[in-house]
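Student: Just so you know, the protein sequences line up as chains A and B, in that order.
So for the first sequence, our numbering puts the first residue at 1; every next one is plus one.
So for the second sequence, our numbering puts the first residue at 1001; every next one is plus one.
Don't take every hint at face value.
What the hints assert, rightly or not - Partial list, derived from the structure: chain B residues whose beta carbon lies under 8 Å from chain A:
| no. | residue |
| --- | --- |
| 1 | Thr-1052 |
| 2 | Pro-1199 |
| 3 | Ile-1379 |
What the hints assert, rightly or not - Which bits of chain B does chain A cover? Going by a derived footprint, with three or more residues having C-beta under 8 Å, they are:
| no. | segment |
| --- | --- |
| 4 | 1026-1038 |
| 5 | 1075-1089 |
| 6 | 1154-1163 |
| 7 | 1213-1225 |
Claimed, not checked - Only part of the chain B face toward chain A is listed, based on derived beta-carbon distances under 10 Å:
| no. | residue |
| --- | --- |
| 8 | Tyr-1048 |
| 9 | Leu-1367 |
| 10 | Glu-1411 |
Bear in mind the hints are in silico, worked out from the structure with no lab data behind them.
Each residue gets a CB set at the ideal place from its N, CA and C atoms; glycine is no exception.
2 protein chains.
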Amino acid sequence: MGLLYSLISVGEAVEAVVKNSRLSIGVEEVDLLNASGRVSAEDIYAPYSLPTSNRSVVDGYAVRAEDTYGASQSNPVELEVIGRVYAGGEAMELKPYTAIEIATGASLPPNANAVVMYEDTSRIGDKVLIYRSVAEWGNVSRRGEDFEAGSLVVGRGTVIKPWHIAALASFGFSRVKVLRRVKVSIMPTGSEVFEPREPKPLDGGVYDSTSYLVYSYLSMYSYLDLMRVNPKPDDEKIISESLRDVLEKSDIVITIGGSSVGKMDLVPKVLEDMREAKIVFRGVAMRPGRTVGAGVVGGKPVFMVSGYPVAALASLDLVVMPSIRRMLGISELGRSRVKAKLTRRLVNTTGYTSYVRVKVFKCGDELYAEPLRTTGSGILSTLIRGNGVVIMPPEVEGYDGGSLVEVELLEPVSQHN
Amino acid sequence: MGLLYSLISVGEAVEAVVKNSRLSIGVEEVDLLNASGRVSAEDIYAPYSLPTSNRSVVDGYAVRAEDTYGASQSNPVELEVIGRVYAGGEAMELKPYTAIEIATGASLPPNANAVVMYEDTSRIGDKVLIYRSVAEWGNVSRRGEDFEAGSLVVGRGTVIKPWHIAALASFGFSRVKVLRRVKVSIMPTGSEVFEPREPKPLDGGVYDSTSYLVYSYLSMYSYLDLMRVNPKPDDEKIISESLRDVLEKSDIVITIGGSSVGKMDLVPKVLEDMREAKIVFRGVAMRPGRTVGAGVVGGKPVFMVSGYPVAALASLDLVVMPSIRRMLGISELGRSRVKAKLTRRLVNTTGYTSYVRVKVFKCGDELYAEPLRTTGSGILSTLIRGNGVVIMPPEVEGYDGGSLVEVELLEPVSQHN
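The shape of chain A in the complex, shown without the other chains (with noise of 0.2 Å):
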């Protein structure tokens, strides 16, 4: 147990990992409709404001409000109806006691400062009959409503949401300036773990599922460009010049299994042995994870997760996509998060983070959150079965059954159990 207070934290992993790349990612140019999920590389000022004008957000008449003061059902305002505007037109000079009829998206004429709706009026001839009042700037969007010229639309290092799009695409923008995708290679190892190709039994040995579970788990993330090879036997030269070879394609490598510290263990030997290259952590104080280890090859990060796929998946979400995100800039917020009351104990491993995968249900009116055995079996069908993860921090001992949790929730909750 002595082997527990050696371990880095999950923090400090990130941080070494951090420290010793050098990842050098270009930018480049999107075309706005294709920029979803990507990483905005520089700050997008509004260059105008939006409206650009006051504009109506009703069909009606534009009218100084002023002139409707005391109008009522009963005593209407009769204003002279002197023109017409629409979206895009052009709009003459507002006089007192006149009106202009304006369609929704129009700009106000000039000296008009609010609407007055179709249906708070009646028309006789170029005569209108007003029956409510309108409070200045009433029924108008006033110029700059939306945003200030000179206000932030989208952050550097902000990855782009529909909303951002829309927001630039209503200032004109067809193009937008964003990170080049950050190739990253996937390579699993181990002797025993083949490709899968039929669904037949195989004699020793398993298929390859933990590659498949996170390729398609980063597949998520649009900024990534993800590339994956065959699984590779324990062979120190094929793995070193594999390794050698999706270096030379990727900025990040993701190399799976083997990075026990067992008879296996061929890929911390082989990196140590490369050129520029260094390792940066063997074993972080997490579980499951906790073999999760990394070096840094002529500045580039190699990430060695577990075969396991839970351990994978904490590996995933604790060390190496927080990495990426630091090394990249990127403001991103975490998963949704619900409060869950747990079915069963939890303990924790004191210095140590636990990656609980959970079944997050809803029973009455209350959810709860089932923790899922996830090692040693059963495990590819609980990842099917689980929808969130519980993360308990190393300084937590443990949470009582029946307690409130925390859940990150990697799928939305059934409301029907």
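Please arrange chain B on chain A, whose structure you already have, making use of the hints.
Tutor: This is chain B only, laid out in the frame that chain A set:
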């Protein structure tokens, strides 16, 4: 106000689209790695049990559990070690009062029914001392424990997640049958709407931002294949030709703008004049988005949504996507939901479904939902600020300020407000 009750409900709208459409979406086989987010076209059952045999989950000695009963630190049981088995290796038969050294992942030898960990043994030549008894099937992952042969792994209509991909890979599947991606064309309309080309103020009119919003919002659904055309002016002939053209290339069309009952109401008119075409509904009792309509041309649905961004989103969430899911037989969970305290009163129009964008934030230990002003103005900037939606069903009159409401999260809640 008489109009209120003549509008159909959100549910009826979906029903009507489904009933009147005849979508024909074929099946294709894709590489498992590219199956993330696609819709499974068949029920996939476990072709055999996993694990395929009883396997050790530790490094140690395979034994007959009964031979270890009574073993303790002070009174160990002594067994003869008759061999060794690795993962994928051939196993000899276990005889009573013997043990076989076994590696993690290796199949249990015939007659063995438990594994003792190295930590609970000591080795002296070809004898092993066992200091702790092990229960039957202790440290063993049993055949079929993850998946029993014949059990359902992925159901038809499931949106495929990373865990499904990992499970399929673990059986050796390398490809999977999925629904062909549904071709959805997005067609903005309106003579005042211009294609974004450069960030310069427009003299008259506005840049198209809503179709950019709709496109990027729908792009999170990997089972859709999106296409967008440039904005079409309010010209019957142009809209008719363009609609014909996109219908030819698509399974579904979404037109944006021009669906209100105003002067420029060309899309429904054009639809009515087309062959094999039919208006399914015009207007739904929902706010915003009341003007949403749908037609069918040759069995293909055409959704007509508002040019206002939030109204368009409401139509997508409440009408368009539910219709698409129903037509494809997709079982997909909704969004993550949290309970949050309303910062102010929300009023519903009786008989309407209200779709209210909110900003959910954490203050102390509590979640609050602040309804955002999204009509008239400030639309895009508040869209960026918002992260959730409160949906008020037609029978609800409103929610009081301070009451706990359910919020569908569009983005995670910031931990720092």
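Student: Take the hints in turn and mark each one as holding or not.
Tutor: These are the hints, each one checked on the structure:
1. Because the smallest distance between the Cβ of Thr-1052(B) and any Cβ of chain A comes to about 5 Å, under 8 Å, the interface hint for this residue holds.
2. At its closest, the beta carbon of Pro-1199(B) sits 5 Å from a beta carbon of chain A; the interface hint therefore holds under the 8 Å criterion.
3. The interface hint given for Ile-1379(B) is met, as the beta carbon of that residue sits about 6 Å from the closest beta carbon of chain A, less than 8 Å.
4. Only when three residues or more bring their CB closer than 8 Å to a CB of chain A does the claim for the segment 1026-1038 of chain B stand; here the count is 4, and the claim holds.
5. Interface restraint, the segment 1075-1089 of chain B with chain A: holds (3 residues with C-beta to C-beta distance below 8 Å; minimum three).
6. With 3 residues having a beta carbon nearer than 8 Å to a beta carbon of chain A, the segment 1154-1163 of chain B meets the requirement of three or more and the stated coverage holds.
7. Counting residues of the segment 1213-1225 of chain B whose beta carbon lies closer than 8 Å to any beta carbon of chain A gives 6, which reaches the threshold of three, so the coverage claim holds.
8. With 10 Å as the threshold, the beta carbon of Tyr-1048(B) comes within range of chain A, its nearest partner Cβ sitting at about 5 Å, so the hint holds.
9. The restraint placing Leu-1367(B) at the interface with chain A holds, with a minimum CB-CB distance near 9 Å, inside the 10 Å limit.
10. Evaluation of the Glu-1411(B) hint against chain A yields a held restraint, the C-beta minimum of about 6 Å falling below 10 Å.
Consistency note: the structure conflicts with none of the earlier hints.
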